[in-house]
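S.K.: Which chain is which? The protein sequence lines are A and B, in order. First residue of the first sequence? That's 76 in my numbering, and the numbers climb one at a time after it. First residue of the second sequence? That's 984 in my numbering, and the numbers climb one at a time after it.
Treat the hints as calculated values from the structure; they're not laboratory data. Incorrect hints may appear among the rest.
Simulated crosslink set (DSS-like; lysine-lysine; CA at most 30 angstroms straight-line) [unchecked claim]:
1) K206/A with K165/A
2) K1099/B with K93/A
3) K1072/B with K93/A
4) K172/A with K206/A
5) K206/A with K174/A
6) K237/A with K206/A
7) K172/A with K225/A
8) K93/A with K1117/B
9) K165/A with K93/A
Okay, the calculated beta carbon distance ranges per label pair [said to hold, decoys possible]:
10) I1043/B with Q377/A: 41 to 49 angstroms
11) N1003/B with Q373/A: 31 to 39 angstroms
12) A1149/B with L89/A: 46 to 54 angstroms
13) W99/A with A1197/B: 53 to 61 angstroms
14) W99/A with A1103/B: 35 to 43 angstroms
Positions of the beta carbon are idealized from the N, C-alpha and C atoms, including for glycine.
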Amino acid sequence: MSRWLTQHAQAFSLALRKLAATPWNALSSIAAMGIAFSLPAGGYVLLENATALSSRIDSAPQLSLFLDPDAAKADVAQIESRLKEHPQVKSYEFVPKDKALARLKESAGVADVVESLGRNPLPDAFVVQAKSPSADVLEGLRKEMTGWPKAEYVQLDSAWAKRLEALLRVGRIAVLVLAALLAFALVTAIFNTIRLQILTQRDEIEVAKMVGATGGFIRRPFLYYGALQGLAGGTAAWGIVAAALWVLNGALGELGRLYAINIHLAHLSPGDSLSLFGFAAWLGWLGAWMSVGRHLSQVEPQ
Amino acid sequence: MISFSQVCKRYPGGHEALRNLAFTVQDREMVIVTGHSGAGKSTLLKLIAAIERPTSGTVIVNGQNVGAMRASAIPYLRRNLGLVFQDQKLLFDRTVLDNVLLPLQVTGHDRRDAGKRARAALDKVGLLARERSKPITLSGGEQQRLCIARAIVNRPSILLADEPTASLDAAYAGEIMEIFRSFNQVGVTVLIATHDESMVERLRPRVLHLDHGALGA
């Protein structure tokens, strides 16, 4: 066991020394990997933030029924009784135009604008909760309510949330495709790096084989090298995303202050960060493993 | 013990390096394989170290059939062999000591113990004072001795040497021969391939003479 550990420690330190021996080469390939990986990682971060934002929005099956501005009290009462008896309606709330205006004034930023209006431009409205979240039911309800007298406009509030969700799904697929392509590129890059190393260390490998080195002993430093370089690339990507977010959050904070809203983009969660590091290290290892399997057998003592 | 029976080795292209070779080398024996160049001396040594495989026949080393050995078992065979081959393959990017340490790292020796052993091996070949030098600064004879130190640091039971005195003048060659003799005296089986007749005269070993891949008288 301790011999096994010693050999792994030796292979690990050998790989580290190899990285340190050519610092500029190592740094430039780490930077290239970091930049490549920061694209899907950054995309993922933006998607996660958008998803968090959209989940904060109530996506309950809710419709807003706006009445004609000149609807009388009787019209309101009539619509209310229709809603009360409708089998698909779970609950409803009447929002009179004054209350709507007061609410609008409360939401910051537009108070001045509202103040400057001579009269209340808002109509009376009902906010209706449907019993079923099914899109068909909601759409049917919307059409039916549009036909009611003095109903000016019926809006399906969850529609845009659904659209956003669909958009996020597309985004997620795009990030996945990007990640897969760049992962392939990283594996190829490590594959070639290790191939060159094997070529330049031909003598060393031959001697090691001659004095009885096992395949594992010869492979190990290359595998550690690949994994270390992958890990360093992943860490660089994490750093690039962190830097980009720091810059973005600065700008967003400015924007948010102007609109009096709090926008803050969060970085990868600790779990996701670990996954990024682990995945990048694994890709490096994989590239090295493939290269070693392909090229080491060609180096035999003569 | 090394034993060849009905060993043939034919290289791709039809060249027959060894024909129907049969002989046995006992433990602790010293044997010199002679013959003209191209007689098959190197091939014979390579078959023992599983660098080459016989086309037919069997090569038994320490009770193992080397010709039919799985690739994963070969490293453990080689740990019991000390190889001093013509093409020396010293590693010029590291010190003399590090060159000798390599076989011990391969077998996973404790670092401190490995240092002691490597220095002992260097001492035996008279290179202890040069442990921090780079091999490129050594003379031809010193490089050859370094190869021997590397070959014996793992205390192999069999030492194989291919033309160990080929490029050396008589004085250096004499030193090398004495080193081999001293190893043989402490119980190492030594098999040397050479066309250097002075070696035979000096060491008076058992001689296997190869002629066009077959054993002569």
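S.K.: Each of the hints needs a verdict: does it hold here or not?
M.R.: Here's how the hints hold up against the structure:
1. A hinted pair counts as satisfied when its Cα atoms are at most 30 angstroms apart, and K206/A with K165/A qualifies at roughly 5 angstroms.
2. Of the supplied pair hints, the one linking K1099/B and K93/A holds, its CA atoms being roughly 26 angstroms apart against a limit of 30 angstroms.
3. Between K1072/B and K93/A the alpha-carbon distance is near 21 angstroms, which keeps this suggested pair within the 30 angstroms criterion.
4. Between the alpha carbons of K172/A and K206/A the distance comes to roughly 26 angstroms, so the proposed pair stays at or under 30 angstroms and holds.
5. A distance of roughly 26 angstroms separates the Cα atoms of K206/A and K174/A; the hinted pair therefore holds under the 30 angstroms criterion.
6. For the given pair, K237/A sits about 18 angstroms from K206/A by alpha-carbon distance, which is consistent with the 30 angstroms threshold.
7. Among the hinted pairs, K172/A with K225/A is consistent with the structure: their alpha-carbon atoms are about 15 angstroms apart, no more than 30 angstroms.
8. Between K93/A and K1117/B the CA atoms are separated by roughly 19 angstroms; this keeps the pair inside 30 angstroms, and the hint holds.
9. Taking the CA atoms of K165/A and K93/A, the gap is near 69 angstroms; set against the 30 angstroms cutoff, the hint is violated.
10. One distance hint, 41 to 49 angstroms for the beta-carbon pair I1043/B and Q377/A, is violated here, with the actual separation near 24 angstroms.
11. For N1003/B paired with Q373/A, a C-beta distance near 32 angstroms keeps the hint of 31 to 39 angstroms intact.
12. Taking the beta carbon of each, A1149/B and L89/A are about 33 angstroms apart, not inside 46 to 54 angstroms as hinted.
13. For W99/A and A1197/B, the Cβ-Cβ distance of about 58 angstroms falls inside the hinted range of 53 to 61 angstroms, so the restraint holds.
14. Hint check: W99/A to A1103/B, Cβ distance near 41 angstroms, so the stated range 35 to 43 angstroms holds.
Comparing the model with each earlier hint shows violations of hints 9, 10 and 12; every other hint is respected.
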